[in-house]
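Using the sequences plus the hints, can you model the full thing?
Residue numbering for the sequence shown follows this note's numbering, beginning at 572 and increasing consecutively.
Calculated from the structure, these hints are not laboratory results.
Treat each hint with caution, since some may be false.
[As the list claims (entries may be wrong)] Straight-line alpha carbon distances no greater than 20 Å define the calculated EDC-like cross-link-like pairs of lysine to aspartate or glutamate that follow:
| id | residue 1 | residue 2 |
| --- | --- | --- |
| 1 | K674 | E635 |
| 2 | K864 | E828 |
| 3 | K703 | D716 |
| 4 | K924 | E642 |
| 5 | K671 | E709 |
All values reported here derive from a predicted model rather than from experimental measurement.
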Amino acid sequence: MKRNILHSITLAAAFLMAAACSNSGKNTEGQDQLTFAKGADIGWATEMASEGIRFYNSAGEERECTALMKELGFDAVRFRVWVNPSDGWCGKEDVVAKAKTAKNLDMRIMINFHYSDWWADPGKQNKPEAWKDYSTEELCGAIADHTRDVLSALKDEGITPEWVQVGNETSDGMLWDTGKASISMANYAAMTAAGYNAVKEIFPDAKVIVHLDHGDRPELYNWIFDGLKANGAEWDMIGMSIYPEYYAHDVEEDYQEGEYKRVTEATLDNALALWKKYGIQVMIVEAGMTWSKEDESYAFLSELIAKARALGDGQACAGVFYWEPESNPAWGGYSKGAFDENFRSTKALDAFKN
572 MKRNILHSIT LAAAFLMAAA CSNSGKNTEG QDQLTFAKGA DIGWATEMAS EGIRFYNSAG
632 EERECTALMK ELGFDAVRFR VWVNPSDGWC GKEDVVAKAK TAKNLDMRIM INFHYSDWWA
692 DPGKQNKPEA WKDYSTEELC GAIADHTRDV LSALKDEGIT PEWVQVGNET SDGMLWDTGK
752 ASISMANYAA MTAAGYNAVK EIFPDAKVIV HLDHGDRPEL YNWIFDGLKA NGAEWDMIGM
812 SIYPEYYAHD VEEDYQEGEY KRVTEATLDN ALALWKKYGI QVMIVEAGMT WSKEDESYAF
872 LSELIAKARA LGDGQACAGV FYWEPESNPA WGGYSKGAFD ENFRSTKALD AFKN
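Following this line, the structure appears as structure tokens:
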């Protein structure tokens, strides 16, 4: 699965490309807005199926995972991409297979580049093994090559993603330490520009997303996006994560029932302020709550979706995605899915039917 990543662009060229786009994104004012997206990140779908996991609707009828998501009220799906995953899951071929299934169901598609061989998130942004000794300009070239390679494979299958993330939860940049924002915002901006321009080469109309965690922290978002703008980078949409049980720990020693309200309010206040500041829509690209708290999760998601949809007179937020709803702790150990022990959806996902 090794890819040809020997093409490289110079760092100077990366900055010139970024500077050529002097605005920090495309202002959505006056443009027709697409339908508010109700999405599910189901990156584990094919891996779970390969291990014999079967999914069922509320009537007990077996469904393929993507088809079940559509039946549950989702109209969009999100798939992560790793560069050279050791087992192949979430690599190019796997992502194309999942996207083909979604396309055949007429679902909207988001592609999420991690630019790593495995998980990239606020705690780790590891370079792919094949890129570990690259210079900054070589890393920018590798980002561009990898992005074009995966998107071209999708295009060859007649698949057109509506959104593409260049990095996953890059709250302190990507490809550490070279692209760590707290060390070199300029390097992080050059990498973002390399990804952005590569996306536009293949899919000019795709919305390019820069995604951070902790949607409830305006200081984080202003730091990153002011830094990207100052260094000539461009983006079309701001991606946010919201996990109330994680984020409430900043205030409370333990999560308190109903604490999601504070986190949701802070996240949506931040989203509205960012939309007003940059003229760029926000997307909640990840949300989740413990699978066994289905009543509270339903209340959280219902409030989040309703308020996000209305934000800025319906213009500020483009949608909400649940992260890996098809999972439960019996598979993979992840507790914030929304399926029970028998792989049937919990009440929480009823929020996406509204």
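Here is how each hint holds up against the structure:
As the CA atoms of K674 and E635 are separated by approximately 14 Å, the hinted pair is consistent with the 20 Å bound. At most 20 Å may separate the alpha-carbon atoms for a hinted pair to count; K864 and E828 meet this at roughly 10 Å. Of the pairs offered as hints, the one joining K703 and D716 holds, with about 16 Å between alpha carbons and a cut-off of 20 Å not exceeded. For the given pair, K924 sits about 9 Å from E642 by alpha-carbon distance, which is consistent with the 20 Å threshold.
Proposed proximity of K671 and E709 is contradicted: the alpha carbons are some 31 Å apart, above 20 Å.
The structure is inconsistent with hint 5 alone, although it conforms to all the rest.
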